[in-house]
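**Student:** So you can see what is in the structure, the chains are spelled out below.
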Amino acid sequence: MPDEVNRHVPEDPERRDVLKFAAVGALGAVYAGLVGYPVYRYLASPVEKAASETAVNEMVVEGGAALPKNSALMFKFGAKPAMLIHHEDGTYTALSAVCTHLGCTASYEPDEKRIFCACHGGVYDPHSGANVSGPPPKPLTAFKVQVTDGKVVVQRS
Amino acid sequence: MAKSSSSVPESRVYRWLDERLGLTEIIALAGKKRVPEHKHSFWYYWGGITLFFFVVMCITGVLLLVYYRPGESAYESVRLITYDIKFGWLVRSIHSWSANLMVAAAFVHMFSTFFMKAYRRPREVLWITGIGLLSMAMVFGFSGYLLPMDELAFFATKVGLAIPATLPVVGPWLSDLVRGGPEVSAYTVSRFFALHVVILPALFVPLLGIHLALVQKYGMSLPESEEAKPESERKTIPFFPNFAMKDLAVWLIALNVLGFLAAVYPWQLGPAADPLMPAPKDIHPEWYFMSSFQILKIFGNWFPGALGEFLGIAVFSVGVLLWAIVPFFDPEKRSGLWARRVTWFGFFVVFVLLLTTIWGYAVLPAGK
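As you go down the protein sequences, you meet chains G and R in turn.
First residue of the first sequence: 1, per this note's numbering; consecutive thereafter.
First residue of the second sequence: 1, per this note's numbering; consecutive thereafter.
Accuracy of the hints is not assured; some may be wrong.
Stated by the list, open to error - If you want a taste of the chain R side facing chain G, the calculated C-beta under 8 Å gives, among others: (1) Phe87; (2) Ile283; (3) Pro285.
Stated by the list, open to error - Mimicking EDC-like on lysine to aspartate or glutamate, the simulated pairs with C-alpha atoms at most 16 Å apart in a straight line are: (4) Lys158(R) x Asp282(R); (5) Lys76(G) x Asp89(G); (6) Lys49(G) x Glu37(R); (7) Lys235(R) x Glu37(R); (8) Lys86(R) x Glu58(G); (9) Lys69(G) x Glu14(G).
What the hints contain is simulated information worked out from the structure, not anything from laboratory work.
Quantities reported herein were computed from a predicted structural model and do not represent experimental measurements.
Using N, Cα and C, we set each Cβ at its ideal position, and we do this for glycine too.
With these hints in hand, go ahead and build the complete structure from the sequences.
**Tutor:** Structure follows, in structure tokens:
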């Protein structure tokens, strides 16, 4: 008799439950993806845009040639702030202005001849960008500077 | 031996939560709750469909808030959302389509409630809160329509706000106040924005809460044909999981319809509003305002001048008021001829709404 009964039940009910859960789960995952992907791309759109802007590798710094000695000019290199420093010896340095500690914008101080970040007192060397004192863990990123035909061109090195 | 799999999990986390939230009570209640099943059960899903679209509106509304800027830069920000931000067109399209589908589902819900006489004792407050919710949904629609500040939005709002201006004494003052000046401008956009995203939700959500709590309290109403049957012959299904699963399936269908419409017929953005440009020839309100728009036009033709506008507004307001208080002149006790008359009144209202809507679209001049 028990054999008779089994023949009328084609599938194990527990197995069927597992299949049902798997199917519902898969469908749920498909919908979550269909809804989640556009929402993610929508929210990430400005991030992607900024990333494509940072792809800029070379630019002319407007007003760079007219920069007086012992002073600095802030400019936007890609999406982030950078500074061009005209030293007293006539040479130029271009550095990222983003402090390597917590990302504040650092500035050149002509009196002290140093780069200073006001947020936590980080100090950098204006020629090399090396971190001299305070909390910054790394030097500022340095860029190549070329002065040709009265134009200052900055390049990612 | 392990406990049987059907028993409630008795983990420490569960016990901690249960002690504080009364989960066992809620689960027992959900298990006991039953929903009537009969040949008119189809109409029970429309409130849930409306709710689903409302939730979609909230989510896509918050997403739009991420990039939308009211005031002077409104058009530019919507242009950015539509053409620049990835999938921005889709988010905006879903928001607009969902708004239309929500109003449509609310209308179906309202008329099915009406013809099943579900507004009778003790559900009078449910009916009135429902009317309040639908009215607010229409104000949501009207205020949201202006926010992109394109040509169509500008003129539709201009025309819409010219209607209350014809009210005697307070009309012009009221219209100027709503507009924030004598002309639809960036000020209008900013105050419609505040209305659309702060004031209306703050009023709508609590009212929706009352509406839903009352549905829980009284359950689904039975149509007269079912009420006539002895209790033993009435069929019911458990709310959980049976009805909840069916509800979920219906929501999935709603989501698919919404996704299809929004992706295949994306909501358009017209040229920026320019007060010096002539109004587009085919300027017309959203479909759910078409009937009232046409009724005002008809009265305006019958009685030229401000009188026509005023009479149109008056007749329309009386109609809406009668509709809102229908539970009080069609109470439970009065059945037979009187109840049938109220049903005929409902048919008349549907007829007038359909006729004037079709009429309104029929007399529109062809577009540019």
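**Student:** Give a verdict on every hint.
**Tutor:** Now for the hints, and whether the structure bears them out:
1. Phe87: Where the cut-off is 8 Å and the nearest Cβ of chain G is about 4 Å from phenylalanine 87(R), the hint holds.
2. Ile283: violated (31 Å)
3. Pro285: violated (30 Å)
4. Lys158(R) x Asp282(R): holds (14 Å)
5. Lys76(G) x Asp89(G): violated (25 Å)
6. Lys49(G) x Glu37(R): Violated, at roughly 54 Å.
7. Lys235(R) x Glu37(R): Roughly 5 Å separates the two Cα atoms, so the pair holds.
8. Lys86(R) x Glu58(G): violated (27 Å)
9. Lys69(G) x Glu14(G): violated (82 Å)
Of the hints listed earlier, those the structure fails to meet are numbers 2, 3, 5, 6, 8, 9, in rising order.
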